[in-house]
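Trainee: Sequence:
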Amino acid sequence: MTLLNLIAEGGSLSKAAQALSLTQPAVTAMLQELESVLGVQLVERDRRGARLTAIGMATHVQLRQALNVLNGLESGLAMAPETHHLRVGVLTTAMLELVPDAVAKLRRDGPRTTFQFFENTVDSVVRGVLDGSLDCGIGRIGTGVLQSANSKRLKISQIQKAPLKIVGAPTHPLCELARVSLSTLQNQSWILLPHGTQSREAFDHAFIQQGLVPPLPVVESLSFYSNFHLASKTDLLTIAPAAALEHFAAANIVQALKITWPIGLSPIMFFCLKELSATRAISAFRQALLSQES
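Residue numbering for the sequence shown follows the numbering used here, starting at 994 and increasing by one per position.
Among these hints, one or two may not hold up.
[Claimed, not checked] Label pairs and their in silico Cβ distance ranges:
hint : residue 1 : residue 2 : range
1    : Ser1144   : Asn1180   : 35 to 43 angstroms
2    : Ala1001   : Ile1201   : 23 to 31 angstroms
3    : Ser1014   : Ser1219   : 42 to 50 angstroms
4    : Val1211   : Ser1117   : 27 to 35 angstroms
5    : Gln1025   : Thr1085   : 46 to 54 angstroms
6    : Ile1201   : Gln1011   : 50 to 58 angstroms
7    : Ile1201   : Gly1042   : 48 to 56 angstroms
8    : Met1023   : Ser1214   : 46 to 54 angstroms
9    : Gly1042   : Lys1267   : 38 to 46 angstroms
[Claimed, not checked] Below 30 angstroms or equal to it, Euclidean Cα-Cα: the simulated DSS-like pairs (lysine-lysine) are:
hint : residue 1 : residue 2
10   : Lys1008   : Lys1098
11   : Lys1154   : Lys1251
12   : Lys1098   : Lys1148
13   : Lys1267   : Lys1145
14   : Lys1226   : Lys1251
15   : Lys1267   : Lys1148
16   : Lys1008   : Lys1154
17   : Lys1098   : Lys1267
In short, the hints are calculated from the structure, not lab data.
Every value quoted in this text rests on a predicted model; they were computed, and no experiment measured them.
Just so you know, even glycine gets a beta-carbon here, dropped at the ideal spot from N, CA and C.
My request is simple: use the sequences and hints to build the entire structure.
Mentor: Printed below as a string of structure tokens:
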């Protein structure tokens, strides 16, 4: 795999040989042996250098996936006997309560499991699950992924719905109203997530559906938690998932306005490769996450 990776990145056998501290004839011999074993041409060469063939690229991807899975197994085997190890890609908001409660349940009920959590974008997590560098993922899967060919490789379970709340400082005048309308909110000052995020789309579309122009933000920020603290010190309002709000509202840092937002986020999903879904550690973690909704 390393040889194919170096050829793909460097575009020549000489650069691959240099990176491996070998002679070019030695690298050529290695490549020929690999092609002989597999019975296919992995690399094509011309005056411009060397590049992977279509079969070579597919082989490179498959080898990388296999290596990632083996690395995960190696991490698990290095643990104490009967200890499982999971590499989990996760949405940041899920780490606030959903994941900690599930880990606490596993700590009580087993099986004994150790975790590596990687907070990243959903697209990155999906890629990690597909290439074997992650065992499972937790996040909002968009329609693009669900409609892609790769979705057939995934076992996907809905874990948590994601309604949105409008949030302001406890002293904000709108927090005192028994009911707040979209037309009233149109004239307020806002902290919003950037365009391209689901929260911003859900915010804008709610106004558009009512024939209203969505208000422009005073502040754009990607962090719900930073937005809560900023709202608590100003007259600015913000929008956030209900799950992200709970602890901050309990601490009286911010308060939700009395309005049901007409558009929610995609639900939070748990996903893994279908062939791994029945393994004990993944199955137990999935059930622990599902139990949070019961």
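Trainee: Against the structure shown, which of the earlier numbered hints fail to hold, in ascending order?
Mentor: 2, 10 and 16
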